[in-house]
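J.: Chain residues, written in single-letter form:
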Amino acid sequence: MDLKDLYRDVILDHNKRPRNFGALEPADARAEGHNPLCGDRLTLTLRLDGNRVTDIRFEGKGCAISTASASLMTEAVLGKDIDSIDGLRAIVQRALTEHDYAAPPELGKLAALTGVREFPARVKCATLCWHTLAAALERSGANVSTE
Amino acid sequence: MNAAARSAPLQRYDVARIRADFPVLSTTVRGKRLAFLDTAASAQRPLAVIEAVDRYERSSHANVHRGVYQLSQKATDAFEGARTRVQRFLNAASERECIFTRGTTEAINLVAQSWARSRLGPGDEILITWMEHHANIVPWQMVCQQTGATLKVAPIDRNGELRLDAFEALLSPRTRLVAFTLVSNALGTVLPAARIIAAARRAGALVLVDAAQAVPHQKVDVQALDCDFLAFSAHKLYGPTGIGVLWGREAVLRDMPPWQGGGDMILTVSFECTTYNTLPYKFEAGTPNISGAIGLAAAIDYLEGLGIERVHAHEQALLRQATAALTAIPGLTIVGQAAHKAAVISFTLDGVHPHDLGTILDAEGVAVRAGHHCAMPVMEFFDVAATVRASFGCYSDEADLAQLVAALGHAREVFG
Ligand SMILES: Cc1ncc(COP(=O)(O)O)c(C=O)c1O
Numbered sequence: 000m001d002l003k004d005l006y007r008d009v010i011l012d013h014n015k016r017p018r019n020f021g022a023l024e025p026a027d028a029r030a031e032g033h034n035p036l037c038g039d040r041l042t043l044t045l046r047l048d049g050n051r052v053t054d055i056r057f058e059g060k061g062c063a064i065s066t067a068s069a070s071l072m073t074e075a076v077l078g079k080d081i082d083s084i085d086g087l088r089a090i091v092q093r094a095l096t097e098h099d100y101a102a103p104p105e106l107g108k109l110a111a112l113t114g115v116r117e118f119p120a121r122v123k124c125a126t127l128c129w130h131t132l133a134a135a136l137e138r139s140g141a142n143v144s145t146e
Numbered sequence: 000m001n002a003a004a005r006s007a008p009l010q011r012y013d014v015a016r017i018r019a020d021f022p023v024l025s026t027t028v029r030g031k032r033l034a035f036l037d038t039a040a041s042a043q044r045p046l047a048v049i050e051a052v053d054r055y056e057r058s059s060h061a062n063v064h065r066g067v068y069q070l071s072q073k074a075t076d077a078f079e080g081a082r083t084r085v086q087r088f089l090n091a092a093s094e095r096e097c098i099f100t101r102g103t104t105e106a107i108n109l110v111a112q113s114w115a116r117s118r119l120g121p122g123d124e125i126l127i128t129w130m131e132h133h134a135n136i137v138p139w140q141m142v143c144q145q146t147g148a149t150l151k152v153a154p155i156d157r158n159g160e161l162r163l164d165a166f167e168a169l170l171s172p173r174t175r176l177v178a179f180t181l182v183s184n185a186l187g188t189v190l191p192a193a194r195i196i197a198a199a200r201r202a203g204a205l206v207l208v209d210a211a212q213a214v215p216h217q218k219v220d221v222q223a224l225d226c227d228f229l230a231f232s233a234h235k236l237y238g239p240t241g242i243g244v245l246w247g248r249e250a251v252l253r254d255m256p257p258w259q260g261g262g263d264m265i266l267t268v269s270f271e272c273t274t275y276n277t278l279p280y281k282f283e284a285g286t287p288n289i290s291g292a293i294g295l296a297a298a299i300d301y302l303e304g305l306g307i308e309r310v311h312a313h314e315q316a317l318l319r320q321a322t323a324a325l326t327a328i329p330g331l332t333i334v335g336q337a338a339h340k341a342a343v344i345s346f347t348l349d350g351v352h353p354h355d356l357g358t359i360l361d362a363e364g365v366a367v368r369a370g371h372h373c374a375m376p377v378m379e380f381f382d383v384a385a386t387v388r389a390s391f392g393c394y395s396d397e398a399d400l401a402q403l404v405a406a407l408g409h410a411r412e413v414f415g
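Quick note, the sequences are listed as chains A and B, same order.
Residue 0 is where the first sequence starts when you use numbering that gives the first Met the number 0, and the numbers rise one by one after that.
Residue 0 is where the second sequence starts when you use numbering that gives the first Met the number 0, and the numbers rise one by one after that.
Covered stretches of chain A, as calculated for chain B (at least 3 residues, CB under 8 Å):
(1) 1-13
(2) 51-62
(3) 114-124
What follows is a list of derived Cβ distance ranges for each label pair:
(4) D300/B / Q92/A: 47 to 57 Å
(5) A101/A / R32/B: 32 to 42 Å
(6) T240/B / E74/A: 41 to 51 Å
Computed list of lysine-lysine pairs in DSSO-like fashion (alpha-carbon distance at most 27 Å, straight line):
(7) K31/B / K3/A
(8) K15/A / K3/A
(9) K123/A / K3/A
(10) K123/A / K60/A
(11) K108/A / K60/A
(12) K31/B / K123/A
Worth flagging that the hints you see were computed from the coordinates, not collected in a lab.
Values in this document were obtained by computation on a predicted structure and should not be read as measured data.
For every residue, glycine included, the Cβ atom is placed at its ideal position computed from N, Cα and C.
Model the full structure from these sequences, guided by the hints.
T.: Set out below in structure tokens:
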């Protein structure tokens, strides 16, 4: 188990220079996420065109893992439709928790986060943004499949 | 200083020998020496406690206060012996004042639901401080909702000290209860108990003391304090989890209704009329944590065997060293700089979130708490989401501190 595996360069970079940081005003969807363990808070705002995410921003204070995860997530879901976002979310969930999971190529840059598997206490930091995204999409009335 | 301590030859505090009493301290974490710096969350247990519980489990267990057979009598004697040990530890006037609970949290809830709920109403106030653990906030919020009473909060200053003037200004004839912590778990601040209690008395309020963080570090004498309730947990005192104590002044406890019903807390039960048991059993419904109480008594024996004053002096020396060492680290801010502190240092490091710091320190074998320490209002006051907290106990040593400082340097490297 190596710290370098958790704090990979991609993660340190996205922590230092988070992408899509800020808030959209007005927004078609928004949600707040909260990790009570570390006090981290995250606000997501999105613009939607039908079922497609046309813009997304995140804002909040968080640890390097949660900040980098949110930053990477905004890049990964921008321009995607809700069904493929849902599929990606399921892949991420498994990639962050299952040791023997052979992640499909869709995981892309998000693979940088898989180091959290060795640090169970930190998995929630990485998944917070994805839960928040699901809540935002669900509340927007856009069609989120729960499968 | 008492006579015994004065006449005893001043022995060196042999921390290496004390460490040998705690089996977990010789284990490794991720291949590194364990530097356990989270004693304020829960202390480790010495062999004396582990073995006392083990002995009881092997040779003395039966239900208490029930059987006529010898084994049950043995268990009852051990359980009640533990109560007597607690009574002497706190200098309580009688064993009847010492109620076993699951811990500090349950003790405070007992007072809220029995004492406060049965006598408070609209117009009454409960006064707490900004430094309280959630366990000394939420039970009062709940009972305020139930009764219409109001919760007031005395502010703190940037050093993490209670603002006594503001505290006194909040006291009035409406104040029915003052509930405060002797030592802040998040900041380490030791509160000026004598002045708080004297002021509360003048206002005619009862006083509850949360002594969870105090009993491991200082002699706590309920009669000298002149409070009405005092709560602590065994697991912060080198004892087991799931057991703690509510001490209450007998005259106050006697007038309080039971809060949980069941076996042990009754004298007779019929469907028409149930009569409650006497103190302390009135507040101990159901089969208690017998082995826990025995472990607690062993923990008190252990700590008093070391000498609380000597443990305190050792911890304070470490605290001074740690404060100097951490202050010298660029970008590190100590949160909570009260004049009187227990062996707790809360801090933040610029550019590294406390949660990341916790993980990096863990990789170096250093166990610290990273989070809000169940004191979210304190975190909000200092405008931080979380801090890292290193806390010391009787077994902490300079090597633990050196390991912490080295690991902090490592965190700087990782985060550049
Ligand atoms: C000051 C203070 N009060 C209350 C508690 C709650 O103790 P327990 O969880 O053992 O009931 C703690 C424990 O963290 C504490 O530090």
